[in-house]
Amino acid sequence: MKSTKLILITALLVALALVSPFLGWGNDWSILAEFRIPRAVLAFAVGGSLALCGLLLQLILQNSLCEPYILGLPAGGTLGYIAGSVLRIPGLIPGFSVSAFLGTLSFGAIIVRVARRESTSLILLTGVMLNFVGSSVVTLWMTLSDPSQSQAAIRWLFGDLSRSEWGPTITLLFLGLLVLGYFWWRSRDLDALLLGESTARSLGVPVQSLRREVLFATALLLSISVSLAGTIGFVGLMIPHWVRGMVGSLHRRSVPITFLWGGLLLVIADGVSRHLFEPYEIPIGVMTSFIGAPFFIYVLMKRRGGRAA
Amino acid sequence: MSHSLFELREVTSLGDDRREILSHFTLALDPKKITILVGPNGAGKSTLTSVLADVKRPHSGAVVWKSKTPADFSREERLQTLGYLTESFSIEFPVRIQDFLKLGLILRDEQAAPRFQEARAHFLGDLDLEREVGSLSSGERQRANLARTMVQRPEFLVLDEAVSQLDPHHLAQAREYLLERRRQGLGACLVTHDLNFGLSIADVVVSLSGGKLRYQGALQDWKTSGDLDSLYPGAKPHWVQDPMSGNELLVF
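Chain order of the listed sequences is A and B.
First residue of the first sequence? That's -11 in this note's numbering, and the numbers climb one at a time after it.
First residue of the second sequence? That's 535 in this note's numbering, and the numbers climb one at a time after it.
Calculated from the structure, these hints are not laboratory results.
Keep in mind that a hint or two might mislead.
Straight-line distance between alpha carbons at most 20 angstroms, and here's what the computed SDA-like set of lysine to any residue pairs gives [claimed, not checked]:
#  : chain 1 : residue 1 : chain 2 : residue 2
1  : B       : 590       : B       : 624
2  : B       : 636       : A       : 290
3  : B       : 636       : A       : 173
4  : A       : -7        : B       : 664
5  : A       : -7        : B       : 760
6  : B       : 636       : A       : 172
7  : B       : 636       : A       : -7
8  : B       : 636       : A       : 241
9  : A       : 290       : B       : 668
10 : B       : 590       : A       : 196
11 : B       : 590       : A       : 50
12 : B       : 590       : A       : 198
13 : B       : 567       : B       : 773
14 : B       : 746       : B       : 760
15 : B       : 636       : A       : 236
With these hints in hand, go ahead and build the complete structure from the sequences.
Right, dumping it as structure tokens:
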């Protein structure tokens, strides 16, 4: 019965995602081929990556409130990206910026370090502070550079899927699927981590190296997502919650479904954000935060209720 | 004989504040026997069990399982060799009891089914296996955890206050479970402040205080050794005979 439900939801999401590029004015083939379809593929790759990163980060930090955006990881990517373009550090493959990767990785390392000793509230506060660092650097950069660049800055702050190019998009999609495949293969280890760190250790799971692998993989995907589409919040919070609620926490199922649903939902959300106030386009990050922030508060309150009971 | 022991050799373990919790601690446990660890709060009992289970790395010294280091065990061998339970655990994510029982284990279906039956009959009789572990009470969680070791079925169990929240019925079930394991040659090492429970199943007593070994020996020898008289400063332990069962009980 559960599988039927799963297939139905996925089919519905696929149908909506397929309709999404056709939303809006001017549906001739050239617009679709040149703008809408690459944009939808980018939205899928970004959505899937963000959702999967959220799932993995929640697991290694043992905290279901964690999410890349809340933890300030994209801020690290933004910081690195700006540093890279100012210093003209070349990327190795399309869409990949070494400095954005290192920025994300170092912010991630700070969070993991804090999480080892401190409580949820301190982890989240650290994330808030990292976000402050990121946004102040973007603002500084906006102030110092010429006005034509401020559009790009807004894009980082609020997320933007409109500047899609095939090369970087395919890179992200490919790496996203690679990360998915790897952690699907390691799903037994991830499952053991559901029992908490010390029990997982006693079952022989190499917790420390697993944590490093997650950190590395999420930094990779997040840095590319940020370079391509800016900061899109809360996808990594909402999708894993929803998927765990539907299919349970076991990773053989939750890893691929999180990526799939995350991708499809961002394609749909992008269609809606383009179409809702046409001809104006709502930045996708504004849209996801609009839904995601209340959702965060809901999860927070539910969690506290659960703890008290 | 010595090739099958679980050992700590000259282990020193430090707390977060770099204070020595165990200092140059050497201990060898017989895997076919039940050993109870006793000592006052802060003696280092929990640290000892977590180091023994290879969950916490010691600052110096070595942990030896059956004359190998734990790192030399493959995942599957390790699961068959040692199981470790603590007093409580928090579970952040929704996991059903039936999934919880096999998380992280490597089991073939034909192995799993009978073990599941047994675990259910012993500890989970009244629980719906579809329920989420997060919704269980602390005692029910301890039962689910013990049931998980029944599915894992390791040679040696390390239990750190893992039965502290059980009701009398399930405490009796836990006693029966540990004694049945011992009859099959599968031992355990347990930390418990319920000394009458621990002493009713123990073959060997290990006492420690201040991170140092005080006494290790057979239960009967320990009772007459006088170790207990000074183990818990300020407490006045004495033995009384239970008129119903005739067993000796410890009263403070």
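Okay, the hints, checked on the actual structure:
For the proposed pair residue 590 of chain B and residue 624 of chain B, the alpha carbon gap of about 18 angstroms is at most 20 angstroms, so the pair holds. At most 20 angstroms may separate the alpha-carbon atoms for a hinted pair to count; residue 636 of chain B and residue 290 of chain A exceed this at roughly 27 angstroms. A C-alpha spacing of about 17 angstroms is found between residue 636 of chain B and residue 173 of chain A, which places the hinted pair at or below 20 angstroms, so the restraint holds. The suggested pairing of residue -7 of chain A with residue 664 of chain B holds, with an alpha-carbon distance near 18 angstroms, which does not exceed 20 angstroms.
Of the pairs offered as hints, the one joining residue -7 of chain A and residue 760 of chain B is violated, with about 67 angstroms between alpha carbons and a cut-off of 20 angstroms exceeded. Simply put, residue 636 of chain B and residue 172 of chain A have alpha-carbon atoms about 18 angstroms apart, close enough for the 20 angstroms limit, and the pair holds. Taking the CA atoms of residue 636 of chain B and residue -7 of chain A, the gap is near 25 angstroms; set against the 20 angstroms cutoff, the hint is violated. Using a Cα cut-off of 20 angstroms, the hinted pair residue 636 of chain B and residue 241 of chain A holds, with the two alpha carbons roughly 16 angstroms apart.
Between residue 290 of chain A and residue 668 of chain B the alpha-carbon distance is near 13 angstroms, which keeps this suggested pair within the 20 angstroms criterion. Only pairs whose Cα atoms come within 20 angstroms are accepted, and residue 590 of chain B paired with residue 196 of chain A is accepted, the gap being roughly 12 angstroms. The suggested pairing of residue 590 of chain B with residue 50 of chain A holds, with an alpha-carbon distance near 18 angstroms, which does not exceed 20 angstroms. Restraint check: the Cα-Cα separation between residue 590 of chain B and residue 198 of chain A comes to about 17 angstroms, which is no more than 20 angstroms; the hinted pair holds.
The straight-line distance between the Cα atoms of residue 567 of chain B and residue 773 of chain B is roughly 24 angstroms, outside the 20 angstroms bound, and the hint therefore fails. Straight-line distance between C-alpha atoms of residue 746 of chain B and residue 760 of chain B comes to about 17 angstroms, which keeps the hinted pair within the 20 angstroms bound. Note on residue 636 of chain B and residue 236 of chain A: the hinted pairing holds, with a Cα-Cα distance of about 14 angstroms set against a maximum of 20 angstroms.
Hints 2, 5, 7 and 13, counting from the list given before, are not met by this structure.
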